[in-house]
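Colleague: As a plain string of letters, each chain reads:
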Amino acid sequence: MVRNLTTDSALDGAASDDLEQGAPRPHRVLPNSESVGSPFVKDPYFQAHSVNVFYGETQAIKNVSLEIARNEVIALIGPSGCGKSTFLRCLNRMNDTIDSARVEGTIMLDQQDIYDRSMDVVALRARVGMVFQKPNPFPKSIYDNVAYGPRLHGLAQNRADLDEIVHTSLDKAGLLGEVKDRLHDSGTGLSGGQQQRLCIARTIAVSPEVILMDEPCSALDPIATAKIEDLIDELRENYAIVIVTHSMQQAARVSQRTAYFHLGELIEVDGTDRVFTNPQHRLTEDYITGRFG
Amino acid sequence: MSANVRNAVALSLRRRYARERRFRAYGFAAVMVGLLFLVVFFATIMENGVSALRQTEVVLPVFVSAADVDPKGDASRESLASGDYEIVIRDALARLFVDVRNRQDKRAVGALVSSESSFVLREAVLANPHIVGTQIELRVPASANIDMLIKGNVDRGLDASQRTVSDQQIAWVDELVRLNRIYLRFNSALFGNGDSRDPELAGIRGAFMGSIYMLLVTVLFAFPVGVAAAVYLEEFAPRNRWTDLIEVNINNLAAVPSIVYGLLGLAVFINWMSLPRSAPVVGGLVLALLTLPVVIISARAAIKAVPPSIREAALAVGASQVQTVFQHVIPLAMPGILTGAIIGMARALGETAPLLMIGMVAFIVDVPGGPMEPATALPVQVYLWADSPERAFVERTSAAIIVLLGFLFLMNLAAVLLRRRFERTWR
Chain A
1 MVRNLTTDSA LDGAASDDLE QGAPRPHRVL PNSESVGSPF VKDPYFQAHS
51 VNVFYGETQA IKNVSLEIAR NEVIALIGPS GCGKSTFLRC LNRMNDTIDS
101 ARVEGTIMLD QQDIYDRSMD VVALRARVGM VFQKPNPFPK SIYDNVAYGP
151 RLHGLAQNRA DLDEIVHTSL DKAGLLGEVK DRLHDSGTGL SGGQQQRLCI
201 ARTIAVSPEV ILMDEPCSAL DPIATAKIED LIDELRENYA IVIVTHSMQQ
251 AARVSQRTAY FHLGELIEVD GTDRVFTNPQ HRLTEDYITG RFG
Chain B
1001 MSANVRNAVA LSLRRRYARE RRFRAYGFAA VMVGLLFLVV FFATIMENGV
1051 SALRQTEVVL PVFVSAADVD PKGDASRESL ASGDYEIVIR DALARLFVDV
1101 RNRQDKRAVG ALVSSESSFV LREAVLANPH IVGTQIELRV PASANIDMLI
1151 KGNVDRGLDA SQRTVSDQQI AWVDELVRLN RIYLRFNSAL FGNGDSRDPE
1201 LAGIRGAFMG SIYMLLVTVL FAFPVGVAAA VYLEEFAPRN RWTDLIEVNI
1251 NNLAAVPSIV YGLLGLAVFI NWMSLPRSAP VVGGLVLALL TLPVVIISAR
1301 AAIKAVPPSI REAALAVGAS QVQTVFQHVI PLAMPGILTG AIIGMARALG
1351 ETAPLLMIGM VAFIVDVPGG PMEPATALPV QVYLWADSPE RAFVERTSAA
1401 IIVLLGFLFL MNLAAVLLRR RFERTWR
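These protein sequence lines are chains A and B, in that order. Counting in the numbering used here, the first sequence runs from 1 upward without gaps. Counting in the numbering used here, the second sequence runs from 1001 upward without gaps.
Don't take every hint at face value.
[Said to hold, decoys possible] Partial list, computed: chain A residues near chain B (C-beta under 8 angstroms):
#1 Lys134
#2 Phe138
#3 Asp163
#4 Thr203
Derived from the structure by calculation, the hints contain no laboratory data. Just so it is clear, CB atoms sit at the ideal spot from N, CA and C, and this is done for glycine as well.
Could you put together the complete structure from these sequences and hints?
Modeller: Next comes the structure, spelled out in structure tokens:
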């Protein structure tokens, strides 16, 4: 369903048309070049258009346009320092916390410009949750970790409501069975994989619309990683998920679309199968075949 | 690996290990030297100060003659309060020593006990008027010179002109010892009284209370202001030339000599704001200014040490910046903030120079009842006593130092306990 949406709905067909006609593949990224593939979708939920990000004088993101549909998992891949995390952090304005960061272009969430003056950043972050590379539970109890967001936003009318939210969130994050007898133990006492699932539970407890994940498994062992990946697959039913990952296998396993970033530019974005089996851009091919990165 | 390479490695290894052993020995020696100084310091202070914990007292058989203590003869409180108690004490002493005849001897025998003795008797009479006209056994403090004699600080071998106690007085004291009328008791004056010209009556209560009031003012002012400044600079202030300037200045202020703060306090708090001189409130404010840079710098360091991941976690679930700071950053930084604050307070407690400038060096007998009343502080009291010529003030100086060190020790203990408590809650 999503696959059809994303691959067949390319509005920007110019580049791929050229390629289909057997034009030589571009070897280098040209200034202001268009991305290869299909950055635009039919029914976009999140739309980033011509986004540029600067850290002081350095430009970290160059003219990136990308749309994200509902209920899809899109993976952002690319070598270190390519700007994929920076782009991710634009989507919930976490870059605001960095004084020198400056964002240009428009990013629309459900037709609303998130960098507009009328957009409240706290409300935005409640709608766009984020899971970080290193599990970062609060040094509080498991219960309080999950209940923190709902308490902040006043999502529960009473204690029973809050209990309900905490339990369902932990359940959705696949952690409830492991911790239900020790909800009031410290969240930092859990194993790394459990901590990361606790962070996911904390994120979904505020019922966001989109979840951003910044290399959520890079600090975890393969078993914990597998659990998180299964979880991502389940979460797709309710949320749009943008995941940054260094593992191409992971991107292939969990995502429907994959976007390849290189030196701040979005080089290629397309259905995951297509990117990994038949990359259109030379740089993408070099990266996924392991020639660099 | 060829043989000569192996030899070279073995040789260099031996040299390297020797160097490491030497280095460790240097470090150990340095620690030992430091410890040695500390032990010598404590031992000296203790040796000098412990004897001040006891004070010589004399038990006098006093006949409370109605003629002397009740001049109006109506036994009213007013009349008893205006009685001549000094003569009663002197008579009591004269009766103990039959050889006391002339005025000079009477004066010399009167100098055996503290000038406070007549007040002790007066208090006793006012509390129990029915003892007028009876014989009582009255315990009075011995004078400081006799106290020193009893504690063995007077060299009896010296010529009489070289001592503060005459041969006659020594003979009287020996007689008192024989009669079992003179002995050492716990020195309650040291802990119960304010300052006095007479060493046997001088106490540190006034200075202690002055220090407490001062620290109270310092904490109430420096802690909230310092933490608020640190939080603002660290979490909310934009990074620009102005905040850089402020940061540089805060660091510089931490190094300004403390007496300069005293001058500032004199000019601003006393001359301009007309706050009372010698008052703990002024001292507290000056010490607050003095400790503010320390509090700010340590609080900033503690806030900086909070992992950014916690901040991000809170922001990402939709906490505002203020909520993030107050619900996560400050609680996590609290142990460090408290440690810095208490170390700053400990420094303030030992500070003397700025207090000299604002008049807290005055001779104040009364124990202050509040931060607006004239007072002195423990380190200033040490300074004042160390400056006094009487032999008996030497041991009292050491005793005051012991109390000051005990106070500091308690504060550091509080810092450790608070840190541990907060760390347990948040880890």
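Colleague: It remains to establish, for every hint, whether it holds in the given structure.
Modeller: Going through the hints against the structure:
1. Lys134: holds, 6 angstroms
2. Phe138: Holds - the Cβ of A/Phe138 comes within 8 angstroms of chain B, reaching about 6 angstroms at its closest.
3. Asp163: violated, 18 angstroms
4. Thr203: holds, 7 angstroms
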